[in-house]
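Listed below, chain by chain, are the residues.
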Amino acid sequence: MDTGFQLFPRAASQIAGQVDALVLFLIGISLFFTLLIFGAILWFIIRYRRRSPGERPKQIHGSTALELTWTIIPLLITVVMFAWGAAIFVKAHHPPDDAMEIFVIGKQWMWKIQHPEGRREINALHVPLGQPVKLTLTSQDVIHDFSIPAFRLKQDVVPGLYTSEWFVPTRIGEYHLFCDQYCGAKHAEMQGIVYVESPADYQHWLAGDPSAQPPSSAGKKLFAMYGCESCHGQYGPTLAGLYGTPVQVTDEHGVRRTVIADEAYLRESILYPSVKIVVGYPNRMPSFKSTLSEEQVLDLIEFIKSLSGAAVVGPYQGPSLGPATQPTDAEPKINNPPFANYRTNQ
Amino acid sequence: MASIPYIPEYTVETYLNERHTVASWLLTKDHKRIAVLFMISITVLFAIGGSAAVVMRLQLLTPHSTLVEAETYNKLFTLHGVVMVFFFLVPSIPATLGNFLVPLMIGARDLAFPRINLASWYLYIIGSTLALTSLILGGVDTGWTFYTPYSSTFSNTHVILAITGVFIVGFSSIFTGLNFIVTIHKMRCPGMTWFRLPLFIWSMYATSIIFVLATPVLAITLALVALERILGVGIFDPALGGDPILFQHLFWFYSHPAVYIMILPGMGVISELITCYSRKSPFGYVFIAMSSLAIAVLGFLVWAHHMFVAGISIYGGLVFSMLSFLVAIPSAIKVFNWTSTLYKGSIQLDTPMLYALGFIGLFTIGGLTGLFLATLGVDMHVHDTYFVIAHFHYIMVGGAVMAYMGGLHFWWPKITGKLYPEVWGRVAAAILFLGFNLTFFPQFILGYLGMPRRYYAYAPEFQVYNVMSSCGASILAIGYLLPFFYLMWSLKYGKAAGNNPFKAAGLEWTTASPPPKHNFLKTPIAGEPYAYHEMDFSDV
Amino acid sequence: MSDLVAEQFDDLAQQTEADTLGMWAFLATEVLFFGGMICGYCVYRLLYFTAWHRGSLVCDNFRWLGVGSGGWNTAVLLTSSLTVAIGVRAAQLGQNRTLSIMLSLTLILGIAFLAIKAAEYTHEYHEGVVPGYGVFHPDDEISADLRHDAAQMHMSEVVLRRQFQLFWVFYFFMTGVHALHMIVGIGLFTWLLIETRRGRFTPQKHAPVELMGLYWHFVDLVWIFLLPLLYLVR
Amino acid sequence: MMETSKEKIDPIGLYLLIYFILLLLLVATLSAARFDLGPWNVVVALAIGVIKALLVILFFMHVRHSSRLTWIFAGAAFLWLSLLLGLTLSEYFFRSSHYTTESTAPYTQNVDR
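Residue numbers (my numbering), protein chains in the order written: chain A, 9 to 354; chain B, 4 to 543; chain C, 24 to 257; chain D, 254 to 366.
There may be inaccurate statements among the hints.
[Claimed, not checked] When the alpha-carbon atoms are kept at most 25 angstroms apart in a straight line, the in silico BS3-like pairs for lysine-lysine are as follows:
1. B/LYS506 with B/LYS32
2. A/LYS66 with B/LYS525
3. A/LYS284 with A/LYS120
4. A/LYS194 with A/LYS229
5. B/LYS32 with C/LYS140
6. A/LYS115 with A/LYS284
7. A/LYS229 with A/LYS142
8. D/LYS261 with C/LYS228
9. B/LYS525 with B/LYS506
10. B/LYS495 with B/LYS525
11. A/LYS66 with B/LYS347
12. B/LYS506 with B/LYS520
I should point out that these hints are in silico values taken from the structure, not numbers from a laboratory.
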C-alpha cells in the first residue's frame, strides 16, 4: 500500500477507467463554471467598485434572452452528464453470464466471503486477474456496504435482500475493501483487502487450503455429526434421489398434497420439520433452527442434492435481489418457488 | 417610497425597551422578540454542534488516534448531525431573520398567528432539551439519518429520546411555515403586490411550503421507528418481515427537501445583500423568485438520489438521477442572476457583502459537486465517502451558515439598533472563508480516494488530507467565535444605527431601528421594490 | 380596535380568511402525516398481499347485524359530519340553541365511534392479533387459515405469520393515530359546547366553530380512506 | 367560509341530501367488497372513497364557495401525497423479480417474536 501523494485512487477494474473519464469531464465542467463565476465576481467588484458615496448606478432589470441561455445550456450539459452516468451504471449492473459467482455475507463488523469451490475467507477476497466476478451480497444483521474504491464500486448489503455487483479485475495488487454504510460501533474496523492475483496464483491459492472442500462433503460431515443418518437410514424418509422429485406430504391441518422436494422444501423441513410431514412417517424430526448456521444448512442441502446428483443453474438475477414481489392476484406459480432456481452449487 | 421622518430612536418606545420583565419575554407575542429568543437558543445549539465537530476533527488528525474510542466518536458525529441539521440549520434563518423580517418587509404589524409563533419557540426548546438529555444520558450512535434496522433493533443507545426530541422540533418548524404562508398571503400592506415582494419573502414562502408539506412525513417515520423499537415489531426490521429501504424512502422524502429548507432562506438573504451593496435592483427579479418556488417543488421529486446504491431498482436510479439534474437548474439560474446583478453596480465590500460573495463562490462549488453525486456512474464510487461530506458542507456551511452570518450582520442594526465594528466584521469574514476552504476542499480528494464517512480511524494514506482538514477546522472555529464577541460587544459599545445605516431598499429600513412594538407608526404604502434609482444617497 | 379583531389584522374579513387558510395549511400537514403511514401500508400491501388479504378478512369479521364494524364506524362519522355541518350553519345564523344541540349530537357520535373502536380492539385482543412483545398468538382458527395461505403461496408459514403481524402493526397504528385525532376532536368540541352555552359565538365572531368543523370533517375524511384500505382488502 | 354574509349559507336540505348520498356510497363500498373483481376491487373501493371525500370537502367543508386559494391549499396537500405514493410505489413496482431472503433468510436465528 504506497502512501504517496495520491489524487486519484488506482484504477483496477474494467469500469474504473470509464468512471475516471466521466469524473474528469465533470471536473472540467465544474472548473469552467467556477472560474466563470469567480472571475466575473472579481472583475465586477474591481471594475464597478463604489467610487463616490453618492454614486447611483443605472438600473438593469434583466434580459430574458440571457435567462434562457443560462437555463438551456446547463440543461443540455446535465442531460449529457445523466446519459453518460446512466450508461456506466446500467453496464455495472448487468454482469456477463460467465461471471464467477462469489457469495458475500456481511455480518456486524466482518465480511464472510465464500468462493464457488467452497473456499471461505474472512475480510479478504482473492480474485483472479481478468476473470469477471459477480458478488452476491446479503447481510445477517444491519445494512453494510461492500465498497472497493480501486474498482470504483460499492453496493449496499441489505439484510433480507440479495444485492449484487460485478467487476473484472484489471490490475494485480492489493486493494482496500471498506464497509461504507454505518453499521455500528466497529463500522470503521469492518475493512478487508482484495487480492487480485494472476489466474495461476489464484488456482494455487484455491488449492492451497486443504480444509476447503466442496459444501456437499461438508454437508456429509454435518449429516453424520448431527445423527441425521440414524433416522434417515431406515425409519425416516430416504434422502437418496429425493431432490427434485415429488413427495407425498400431509401438512398440519391434515391436507394431503404432493410437493416437489426443492431447496425451499428441504430447507423448511430442516428448520421447521412439523410443517410438512411425509406420508407414512411419524412427526418426530427435531427442528435444527437454533443449532445449524446458515452455511451449514446450505451445505446439508448440497449434500442431499449430491445424493441425487442434480445441480440446478439459476438465471441472471438482475441488479438487486430484493424482497419477493408477491404474485398479487395471479394464480401462485407452483413450479417457481423462490429458492429453487437460484444457483446454489456452493 | 413614503419615507418616514427620521426619529431619534431613544424617545420612541421600541420592542426592546417597552417592557423588561421576564414574563414579557417568555410570554411575548411580538414576532421580533420571538426572533431574538430563537437567535439565542440557536446560537447555544450551534455551539454544542460545533464543539462536537472540533473533537471529531481532532480525533481524525491521526489514522488510529485514541482521543475517543469508536462508540464515543459515533455518538459525536450523531450529535453533530442531529444538532446541526434539526436544531440549527433548519430553523436558523427562517426562525430568526424570517420571524423578525417577514412582517417588517411586507408592512404588517405582526405574523398571522402570534400565539402559534410563541408555541413554535417552546416546541423548539422542549425538542432541544430532549435531544440534549439523550446526549447527557449517554448519547445516540445511529447517525442523524437513524437508518434501520440499526436504529430500531441493534443500537442500544437512547434512540427513542432523541427521536422524540426531533419529532417535537419538527412541529416547531411546521408552525413557523404555517405562520409565514398565511402572513405572506393575507397580511401584505397596500401596494405590496406579489411581484413587489422582496426576494427574501419569496424564499421564505418557498421554504414554508417545504416546512408544511415535508416535515409531517419525518414525524410519522420517526414515530414508526420508535414504535418498532418499543414493541419489537418488524416495520423496518427485515428479520421480522419489514423492509429497511422503505424507511430510507420515507426518511429522505423529508430530508432532501429539508436541505432545500436550509439553503433557500440563505438564497433569499443573498438576494437582499447583493442588491443593497451594489445599489442595483436584482437582475431578473421574476426569474429569481420563480426559481425559489421551482426549487421548493422539484425538491420533492429527487429524494432517492441518496439511495442509488441502497438496493433500489435500476428504474428508480435512472428516474431519480434525471430529476435530480432538473433541480440543479434553478440554483444555477440564481447564481447567474446574482453575478449579473453586480454588473455595472456601485459595489461596496462591507462585511455582509463579503459573506454574500463568499456564499456565491462556495455555493457554486457545492452545487457543481452535487452534479457529481447525481451522476449515477460517479455516485457508485463516491456515495457515503468524504466526497459527500465535502459536498453538503460546501452547501450548508459555505452556503447556509455564510448567508446566516451575512444576514445577521446586515440586519443587526435593525434588530439591536447598534452598529457592529466594520473592520472586525471583514476580518472574521475573511478568516471564515479561508478556514472553510482549508477544512473542506481536501475532503473532496479524500472522498474520491475512497475514505468512507463516519470512520473514527482510517487508512494511513489518507492522513495528509485529514491533517489539512483539521487545521482548517481550527481556523473555522475562530472564524465563528470572532463575530460572537464583537456582536456582543456592539450591544453595549456599538454606535447607534439610524433607520437605514446601509442605505438599503425595503420597508424594514423605513421604520426605526430597533422598530417599535407594532413595527410601523402608520401602515406603509409599498412602492416599487429595490428602488435604488429613487433613493438619495446624499447624507451617507 | 374592538376585541373582535386581533391587533395584527386590519379587519374581520382578513382575520377570517387568515384563520381559514391557517387551518387548511394545518390540514395539509395532517394529510402528509397520515400519508406517510398510508405510503408504508401501500408498499407492504404490494409486497405482502396474501398477508394483507388475510388480515383484512380477520379485521372485517367483527360484525353486528351483518355489517362490519368498519361500516358502522363510517356511518357514525358521516352522521357526525352532518351534525357538524348543520352546527356550523347554525353558528353563522346565530341560532345558538341549534348549535348547542348539534354540538352535543356530534359529541355523542364521536364517543359512539370510540366505543365501537374499543369493542373492536378488545375483540381483536381476544383473537390474539395485537402485535407487540409476546402478545401475538392468533388463535387456532386464524393460524389454520394462515397455514393454508402459506401452503397455497408455497412460502414458509413462519414468514407469512410475520407479514400478517405487520398488517396488524399498521392496522393498530393507523386506527390508533386516527382515534387519537378523534379524542382531540372530542376535547375541542366539548370546549366549543361550553363556549356556546356561554353565548360567546355571534354571527360575526364564530371562527372557532368553523375551524373545529374543518378539523372534524378532515378526521372523517381520513376514516373514509381507512375503511377501504384496512377493512376491504380483497 | 368567506364572509359571513347571508347568501353563502347553504340550505339544510342540501346537507341532508349530501349526507344521504354519502350513506348510499358507503353501502356501495361495502357491497362492492363482496364481489371478487381481482385487481379491480382496489380501484372501485378507492374511487368511491375519492367521491365521498370530494363530497365532504366541497359541501361540508364549504370549499365550494371558498376562495381559489383554499382550493390550491387543499389540492396541493393531495398532490404531494400522490407524489410520495406514486414515486415510492413505482420504484418498488419496477424492481426486477428478486427473491426475498426471508423465506430463506440466511439467519442463524429465525426470530419468531
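Hints, verified against the model:
For the suggested pair B/LYS506 and B/LYS32, the alpha carbons sit about 30 angstroms apart, so the restraint of at most 25 angstroms is broken. At roughly 32 angstroms between alpha-carbon atoms, A/LYS66 and B/LYS525 are farther apart than 25 angstroms, so this suggested pair is violated. Of the supplied pair hints, the one linking A/LYS284 and A/LYS120 is violated, its CA atoms being roughly 32 angstroms apart against a limit of 25 angstroms. Distance check on the hinted pair: A/LYS194 and A/LYS229 sit about 34 angstroms apart at the alpha-carbon level, beyond 25 angstroms; violated.
A hinted pair counts as satisfied when its Cα atoms are at most 25 angstroms apart, and B/LYS32 with C/LYS140 does not qualify at roughly 40 angstroms. Under the criterion of a C-alpha separation no larger than 25 angstroms, the hint pairing A/LYS115 with A/LYS284 is inconsistent with the structure, at around 31 angstroms. Straight-line distance between C-alpha atoms of A/LYS229 and A/LYS142 comes to about 29 angstroms, which puts the hinted pair past the 25 angstroms bound. For the given pair, D/LYS261 sits about 16 angstroms from C/LYS228 by alpha-carbon distance, which is consistent with the 25 angstroms threshold.
A distance of roughly 21 angstroms separates the Cα atoms of B/LYS525 and B/LYS506; the hinted pair therefore holds under the 25 angstroms criterion. The straight-line distance between the Cα atoms of B/LYS495 and B/LYS525 is roughly 30 angstroms, outside the 25 angstroms bound, and the hint therefore fails. Distance restraint check for A/LYS66 and B/LYS347: the Cα-Cα separation of roughly 7 angstroms lies within the 25 angstroms cut-off, and the hinted pair is therefore satisfied. Restraint check: the Cα-Cα separation between B/LYS506 and B/LYS520 comes to about 23 angstroms, which is no more than 25 angstroms; the hinted pair holds.
Hint compliance for this structure: hints 1, 2, 3, 4, 5, 6, 7, 10 are not met, and every other hint is.
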